[in-house]
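Could you build all of it, start to finish, from the sequences and the hints given here?
There are 4 protein chains.
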Amino acid sequence: MVSFRPGLPSNMILPDKPREECGVFGIFAPGRDVARLTYYGLYALQHRGQESAGIAVANGKRLQLHKGMGLVPEVFSGDQLSYLKGDMAIGHVRYSTTGASHAINAQPLLFRYAGGMIALAHNGNLTNVTELRSQLMAGGAVFQSSTDSEVIVNIIARSDRGDLKDALAKCMIDIKGAYSLVILTVDKLIAMRDPNGFRPLCLGTLDNGFVVASESAALGTVGAGLLRDVQPGEIVIIGKNGLESYQVLQPRRRSHCIFEYIYFARPDSTIDGFNVNQMRRAMGRVLAKEYPVDADLVIPVPDSGTAAARGFAEVAGIPFEEGLMKNRYIGRTFIQPTQDMRDLAVRIKLSPVREVLAGKRVVMVDDSIVRGTTSSKIVAMLRDCGVREVHMCLSSPPITRSCYYGIDTSNEQELIAAQMSTEEICRSIGADSLHYLSLEGLLNIFGNSRDAFCTACFDGKYPVEVVKPQEAGKYSLE
Amino acid sequence: MVSFRPGLPSNMILPDKPREECGVFGIFAPGRDVARLTYYGLYALQHRGQESAGIAVANGKRLQLHKGMGLVPEVFSGDQLSYLKGDMAIGHVRYSTTGASHAINAQPLLFRYAGGMIALAHNGNLTNVTELRSQLMAGGAVFQSSTDSEVIVNIIARSDRGDLKDALAKCMIDIKGAYSLVILTVDKLIAMRDPNGFRPLCLGTLDNGFVVASESAALGTVGAGLLRDVQPGEIVIIGKNGLESYQVLQPRRRSHCIFEYIYFARPDSTIDGFNVNQMRRAMGRVLAKEYPVDADLVIPVPDSGTAAARGFAEVAGIPFEEGLMKNRYIGRTFIQPTQDMRDLAVRIKLSPVREVLAGKRVVMVDDSIVRGTTSSKIVAMLRDCGVREVHMCLSSPPITRSCYYGIDTSNEQELIAAQMSTEEICRSIGADSLHYLSLEGLLNIFGNSRDAFCTACFDGKYPVEVVKPQEAGKYSLE
Amino acid sequence: MVSFRPGLPSNMILPDKPREECGVFGIFAPGRDVARLTYYGLYALQHRGQESAGIAVANGKRLQLHKGMGLVPEVFSGDQLSYLKGDMAIGHVRYSTTGASHAINAQPLLFRYAGGMIALAHNGNLTNVTELRSQLMAGGAVFQSSTDSEVIVNIIARSDRGDLKDALAKCMIDIKGAYSLVILTVDKLIAMRDPNGFRPLCLGTLDNGFVVASESAALGTVGAGLLRDVQPGEIVIIGKNGLESYQVLQPRRRSHCIFEYIYFARPDSTIDGFNVNQMRRAMGRVLAKEYPVDADLVIPVPDSGTAAARGFAEVAGIPFEEGLMKNRYIGRTFIQPTQDMRDLAVRIKLSPVREVLAGKRVVMVDDSIVRGTTSSKIVAMLRDCGVREVHMCLSSPPITRSCYYGIDTSNEQELIAAQMSTEEICRSIGADSLHYLSLEGLLNIFGNSRDAFCTACFDGKYPVEVVKPQEAGKYSLE
Amino acid sequence: MVSFRPGLPSNMILPDKPREECGVFGIFAPGRDVARLTYYGLYALQHRGQESAGIAVANGKRLQLHKGMGLVPEVFSGDQLSYLKGDMAIGHVRYSTTGASHAINAQPLLFRYAGGMIALAHNGNLTNVTELRSQLMAGGAVFQSSTDSEVIVNIIARSDRGDLKDALAKCMIDIKGAYSLVILTVDKLIAMRDPNGFRPLCLGTLDNGFVVASESAALGTVGAGLLRDVQPGEIVIIGKNGLESYQVLQPRRRSHCIFEYIYFARPDSTIDGFNVNQMRRAMGRVLAKEYPVDADLVIPVPDSGTAAARGFAEVAGIPFEEGLMKNRYIGRTFIQPTQDMRDLAVRIKLSPVREVLAGKRVVMVDDSIVRGTTSSKIVAMLRDCGVREVHMCLSSPPITRSCYYGIDTSNEQELIAAQMSTEEICRSIGADSLHYLSLEGLLNIFGNSRDAFCTACFDGKYPVEVVKPQEAGKYSLE
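Protein sequence lines, in the order shown, are assigned to chains C, D, H and B.
Just so we're on the same page, my numbering is the position in the first sequence counted from 1, plus 342.
Just so we're on the same page, my numbering is the position in the second sequence counted from 1, plus 342.
Just so we're on the same page, my numbering is the position in the third sequence counted from 1, plus 342.
Just so we're on the same page, my numbering is the position in the fourth sequence counted from 1, plus 342.
Take the hints with a grain of salt, since some may be wrong.
If the Cβ cut is set under 7 Å, some of the chain H residues that face chain D in the computed set are [what the hints assert, rightly or not]: (1) Y382; (2) Q388; (3) G420; (4) D421; (5) A559; (6) P609; (7) N617; (8) N619; (9) L639; (10) Y671; (11) F676; (12) R689; (13) S693; (14) V695.
Only pairs whose alpha carbons sit at most 25 Å apart, straight line, appear in this in silico DSS-like list of lysine-lysine [stated by the list, open to error]: (15) K403(B) / K668(C); (16) K427(D) / K582(D); (17) K719(D) / K668(D); (18) K582(C) / K403(C); (19) K668(D) / K668(H); (20) K403(H) / K530(H).
Hints listed in this document are in silico derivations from the structure and should not be mistaken for laboratory results.
Here a beta-carbon is modelled for each residue, glycine too, at the ideal position from N, C-alpha and C.
Now the structure itself:
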């Protein structure tokens, strides 16, 4: 079904979190079942997008594509994987930011242009897409989706004079913002990353082939080893003659998304040189130093707060306990509680262990608060269990600004920290105290690399100029 | 799901028939539930395409689209219809000729270009699409499907300087071949028909609104009355100020597809002035005059041979009987007989009435033979029932050439009449005699209009120059 | 899914018709793919039930079953058929009368009892099932469905002392009403028919094997030849030693359902010695003799009125025309018109051919009227087309009483002929005249066999005593 | 679909674990939406069975049922829940032990017998079911499933003389083995537990109503509080007059399943007085005392080994780390790696954090080993990451015997500990050392209650006599 109506909401995650846009994967491995390996690679990236999934394969002569709405195992059957034969492939999982959750926006997108067939999959968000689309339309271009990928391929099609590399390089000059792109032609696998390096993209080796992926954890899943990250401003072209690298744009000040470390990425991924799990543990340690609390227990909000909670407990010398259990079976079709059962909404996903909690003063560690809707319910549930004090500690600074580089952080009006002081938030969620990790403390964890990150959602320092969404809206295909 | 792999074969019809490409429907009726009326209109055109269905609606500000693979009732749920709100709509049912049976080729297609949003649905086949696509690609265009509609919208996008009518008129000059098009913008319903008038397209009124459809039967289904046919070379633009007509191209010699009367169209449709049922009856009458046969019974191959068989019986003075019964429940997922049960393949769909047939000399009337695979099985089945003689009469001349104007008649190598003489065919299907309606006899039925039809599949006189499919193939997106 | 909630209504047929309960099929053919042949056999009986379908196979050691809600091709995939391996099989298609449309009531039902495994499929309706179930429950029996089959197997289980034939014979004495049963044990195929012979059941040969089926048309579909009908009161047991027949009960006065000839059965079936198509034609002939009408055209309400209309036209000497076309694609999920589109309800399924009808005085032949809801809409639609006079002729007498032998004729309160005189009905449907075939005329068609039919729905002469449904209801499992 | 063919395997859990049979839930709460609360209750018990789910509700007059194959959110739509209206309900999630994974075996089962309507849902396994079924069949009973529930209801139906309580008490005397049963009549909710108390069953209060559930965690999810456990040998009958309790059988030596604490139950459940999470932590502590290991890190196999690993780390004074990450998205349709990708099978579900592990000597804590197939792959994967030593510690004694009380532990031939010595197992999985928790150590954790557990899978001391499965098989309905 291809429909322009809104998709079903995913219930895989607690609703009060920022949402990652996408994950990408690419593989060049003649002789291997590249479609199936891409399936496993996408599966390893499933946390980056649960709305749609797709795989395109190339066999030297043509491209084939299968994609659909849903989780990776829902979109692909064994038959469909078997049908996708080739030497290389790209794949994509998606959680929409620009472009509503429509089937037409599922990726990869497959195009024919004067240079041949080409498929693209994109993680990120172009900041000048509205302007670009508008210029292209003035030149006669037509658009069928609201994806950045469709804009990118139109730019390529207009500048490709027989050398795709040159066209890609030219395209890189035109497009602004965040992009980690994997591209497939009939005989090439291409990866490119914006000059700020907003979104992650890494490169690995598998036997005599290569793998690119949003996160290194996806390399391990298919048995590949991490070689290095794709550099900001770099284009990597992989074909039967091996790998060529072009540093097309001199990297600007690096602006890696710091939220990958705080919340998005898998703990077992290593991104731009830093292991996610270790960074989270370190955030918890710094948090404990910044805010010494007198308490009996440290508990995480699972799973995203677990590593930080453990770091906190280590430094604070307070016992760590799993005081909240998470039900892991929630799927896309889960029936939400009705209004009159609203108090059950959190209980269904998280349940407190009364034996651990009763009578205790508790430090509860979570990664972030976006709108604050869930936190107050968790605090209430803890008090129900006889918790005497709840000290909420967050391993991120207050989120006060929207992200325009590929993450859905809600509008600023919905961001609780943009509307209230920390004290007001604390009161609103009913905690005894509320502590945010300081931006300074967060950045220090990364040592000499402390300037290599985008912190716009905390401090409004946008590394690349942005267009306001209302303006963008008027050109959208929705 | 969007997939570039081959779709499932439809088993709705006996396999040995030419296949219609598409049916289109459009409605302008503010205040009415236009999506639901389009649903019924498409349902009335279901015989013209069972592979995919889609509806786009416009509400003055924006377009919405839902489409998918399958029959009309399979693609749309009540919820989806309710979601599609507007003042006007277009719809499409599809059976692929160009473009394999891929979801990406389902119509309508929805585009954004400099002129705004536009949706198209197309019945027919452009003969210069390869050349056009190639020119457009040289100018930087990208294609995501193998539909003619995508080519047409690209032409429009490049020539629309603020006046869509002018752009459409210009487009009409560029595109060659067969097209009956319905187009929707946010506030206009547009219909246009090629200057030869290959494929049917009619115009009706519904209260204060208008309806366009491939066949008049679809008008009746939604309660509309037939006003007239859209003229060859005409563009009709319908909006809140009423209907405007532009005779953009002077109609060439009319070349209405004569197979609409022989087989495709519904008997209750009236196309370009002739009622289909009456024409079929007349074909049978002429056939009986051309070939007087001494027999006991006239039986049709249901349902397509029924009207002609009745006409034959009238003139021949031989009793008409329903000697073959058709099972009407075969759906898309029907499991075909295995090789060792091949003799059951016809029995499952058609069953002979022994009581009627045993010991009789039978005239069996069918509309046409394409590859001849089914006819021999039917003849054998009749003989099994004790039929003494089988005289096969066809209400069309021998099909010896492929159609390039929107019908799938198979390759010429597969056309039995292109490979064998009538005598050889008769022997091959095991009949006692075989009679084709003469082309002369067929055309005479239409009286003064006898020159207004395309008869290329019988005599190779192609009204518009065609490009051979192998050449077309190399540009296709498959 | 197994659910006790009401199923979805089937839209496969015009709603104002009596509904057949079921079709059964059985095959004994070692070495053949019996599951697949049963699939085709059930497909040939699809008109007898579109709500659920099921197949059980036996391989000498065990039984296997697959069943589900929906049409035969919806319930079975190729994989499922391949999985069902054996030497013999039974199958069932169902349209519920007793027992609402619940998955739990889908047949065949598979049981284990002291005598081993047994599967049953049933067409008909026991009239003393309430009493039997109640006796069995008093003896400790438990029931999971509201099917007669479950009652029958409990009776068998309580009387089988090592000889299934004896137990079946004993069961035949206990159960009253209408039943055409097929039964499967691990090594036997059994057919039995009630002593009145209410519902049809015939026996055929296929190579060295045997086939039983509700209608002979299903024999033809699988390549079997008709041997004879199973006799009222007969049990047929088929195994590797061939066929044994037991005339357990002396047949009472035969009470074959006359509605099989009027409406239910396929025209190409021959039931208890009479070909259905020929009987329908004869009904039309008698009707024309009983009611000479001065008119220009005879048209049928397709498809059920077609044969009778042709017979009528022959005798009346009035031209026969197909003035109404039926859309054949309506499936189970078809979205019905909303209240404000009620006038479209008939147009969607039937459409008039204006060219044939305008200005004409028309005899419209249908098989029967149940509630009269559809007829008035058809008459109005004809008048819209300019028909001058509508003379409605029915090839059955007025239906004034409910059926308790396996057919859903609605409650007597809903039967229009039980509430109104013919004149009132004529006025209510807006016809110029209304003629019913006389019961005398109907029976005379069958010559010497004229007393061999149940005519209770016309004259209230119930051959077997019935229990009122309200009483039955209180024991039902719904 | 109701099918007797094998169901699809669930991939929700690592394959080398014992499998719980079922979870049950019951609620009496007039005025509340009992179906929806049961939905959430079953969702909280989803880990106890992922194969089928079902809910029956009673409204004082009748019972309604919906059930199907799949996870709770897959089986129920919002519409279906809305349809199930009543004052009380029971629900069931299932993982088959006896009875293959057939739709016919999904629970609850709904019956009508002389006493009225009754629905049952069962967790456990009767040890004399073969004998009972055989006796019942000798008395004329028929069976449609291979569930214990069908046997139980037949016993009740034969002994109920107007007092269901008496019939249940009589039934309790007849049936042997493990059962935690919830039963629903039109106006009563009943819970009963076998006199050994094999499987858990607890009782809670919700406003003025009551809830029974396999685990206390399900009480919390619906907002109910834990009152007490249902006692071994107790029948609890809940109706509008409140709760009645009958201690029908004097409890024998309690034989609570100790594997609930080791692996099955949720950590946040409290069963028969012991909190699961605390017991697991304690097992880890004892394990560390029994087997002091010199190592750098303690890591769990997530999630089942986490609590024990933490306990181990505390006592051993070795840092705890999450060295293995688990992918949580695997669903039922996940496509398993092909043979040539077998090395990926574990990587897809578990991935090692190289940064944590490289160069380290690791204690890896898991709950149990059944067949040993997965452990060797995990060990190999750790070594790939540069782990220097792997010391595998298990928080259970070696499993050497099959369970006959409701858990699928595989055949003894497949149990690695029944075939090999600990040393051989260690070699076979490639670990540097392998340590099992001693049975003595395990039991001591429970203090004075150390004799209240069934330990048959470790020591072969079966508290209730068992029938060998091969014998049972010959009566099964598979």
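Status of the hints after comparison with the structure:
| no. | hint | in the structure |
| --- | --- | --- |
| 1 | Y382 | holds, 6 Å |
| 2 | Q388 | holds, 4 Å |
| 3 | G420 | holds, 5 Å |
| 4 | D421 | violated, 10 Å |
| 5 | A559 | holds, 6 Å |
| 6 | P609 | holds, 6 Å |
| 7 | N617 | holds, 4 Å |
| 8 | N619 | holds, 6 Å |
| 9 | L639 | violated, 13 Å |
| 10 | Y671 | holds, 4 Å |
| 11 | F676 | holds, 4 Å |
| 12 | R689 | holds, 5 Å |
| 13 | S693 | holds, 5 Å |
| 14 | V695 | holds, 4 Å |
| 15 | K403(B) / K668(C) | violated, 38 Å |
| 16 | K427(D) / K582(D) | holds, 17 Å |
| 17 | K719(D) / K668(D) | holds, 15 Å |
| 18 | K582(C) / K403(C) | holds, 14 Å |
| 19 | K668(D) / K668(H) | holds, 14 Å |
| 20 | K403(H) / K530(H) | holds, 11 Å |
The structure is inconsistent with the numbered hints 4, 9 and 15, although it conforms to all the rest.
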